[in-house]
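> Same order as they appear, the protein sequences are chains R and V. At position 84 of the first sequence (counting the first as 1) the number is 84 in my numbering, and the numbers step up by one without a gap. Just so we're on the same page, my numbering is the position in the second sequence counted from 1, plus 1000.
FYI, nobody ran anything at the bench for these hints, they're computed from the structure. We put the beta carbon where it would ideally sit given N, CA and C, even for glycine. Heads up, a few of these hints could be off.
Claimed, not checked - Distance windows between CB atoms, simulated:
(1) V/H1029 x R/E57: 21 to 29 Å
(2) V/P1070 x R/K108: 43 to 51 Å
(3) V/L1111 x R/S52: 42 to 50 Å
(4) R/S69 x V/S1058: 23 to 31 Å
(5) V/K1014 x R/Q70: 44 to 52 Å
(6) V/T1013 x R/E15: 37 to 45 Å
(7) R/Q31 x V/T1002: 25 to 33 Å
(8) R/K108 x V/R1022: 36 to 44 Å
(9) R/S69 x V/T1013: 44 to 52 Å
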Amino acid sequence: QKEVEQNSGPLSVPEGAIASLNCTYSDRVSQSFFWYRQYSGKSPELIMSIYSNGDKEDGRFTAQLNKASQYVSLLIRDSQPSDSATYLCAAYSNYQLIWGAGTKLIIKP
Amino acid sequence: DTGVSQDPRHKITKRGQNVTFRCDPISEHNRLYWYRQTLGQGPEFLTYFQNEAQLEKSRLLSDRFSAERPKGSFSTLEIQRTEQGDSAMYLCASSLQDEQFFGPGTRLTVL
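Could you put the whole structure together from the sequences, leaning on the hints where they help?
Structural data, given as structure tokens:
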């Protein structure tokens, strides 16, 4: 099992709907998790960090961490075409980030 | 702009040549990281500095790769005798603690 896994997508969501992105992780990573957004040809941009079980909200974004099931999710409410990007899940381990391959999200107008 | 900066943004070189990239972190950040990313993949860790000390280096990293952070501020990443497989986006990030902030990257193309 890879340390951090994501469905590569693409995930297509209508504009205004909720986009739900998921990530699972193994025991080999720590308990700090991050969601990054990456537009094509650009570098990753930090959206959310989450360290404890439960939900963390920031504007239209909600990160959810479930340590018992070893998954992290990102919800994007009121999806906009500008949200179309690849979303990368990362776990912090020994000073480095361990990354999933990313989920491509497409918001259809 | 007080974010992470990288130079150059693009580099095209011929196989066998040496290349050097520079990264300037966010000024108060003592941690600096180098990653490499190829199309369709998440970034791959290369190395990590805390201040001027290189504390971690990927076991997958060839001896052709070397990085320095001489005064604990900017960092350089050198690739010697480049190969076509080195073509990728080279990303630099900095942090105070866990949250890492990335520069725009240097896209390397080896012909």
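> Look at each hint and say if it fits the structure.
Hints, one by one, checked against the model:
Checked against the hint of 21 to 29 Å, the C-beta distance between V/H1029 and R/E57 comes to roughly 26 Å, which is consistent with it. Take V/P1070 and R/K108: their Cβ atoms lie about 50 Å apart, and the range 43 to 51 Å holds. Distance hint check for V/L1111 and R/S52: the Cβ-Cβ separation is about 49 Å, which falls inside the suggested range of 42 to 50 Å. Range check, R/S69 to V/S1058: about 30 Å between beta-carbon atoms, so the 23 to 31 Å window is met.
Judged by the Cβ atoms, the range 44 to 52 Å given for V/K1014 and R/Q70 holds: they are separated by roughly 46 Å. The hinted range of 37 to 45 Å is satisfied by V/T1013 and R/E15, whose Cβ atoms lie roughly 43 Å apart. Between R/Q31 and V/T1002 the beta carbons are some 30 Å apart, a value that agrees with the proposed interval 25 to 33 Å. Taking 36 to 44 Å as the suggested C-beta distance range, the pair R/K108 and V/R1022 conforms, at roughly 40 Å.
With their beta carbons about 46 Å apart, R/S69 and V/T1013 fall inside the hinted range of 44 to 52 Å.
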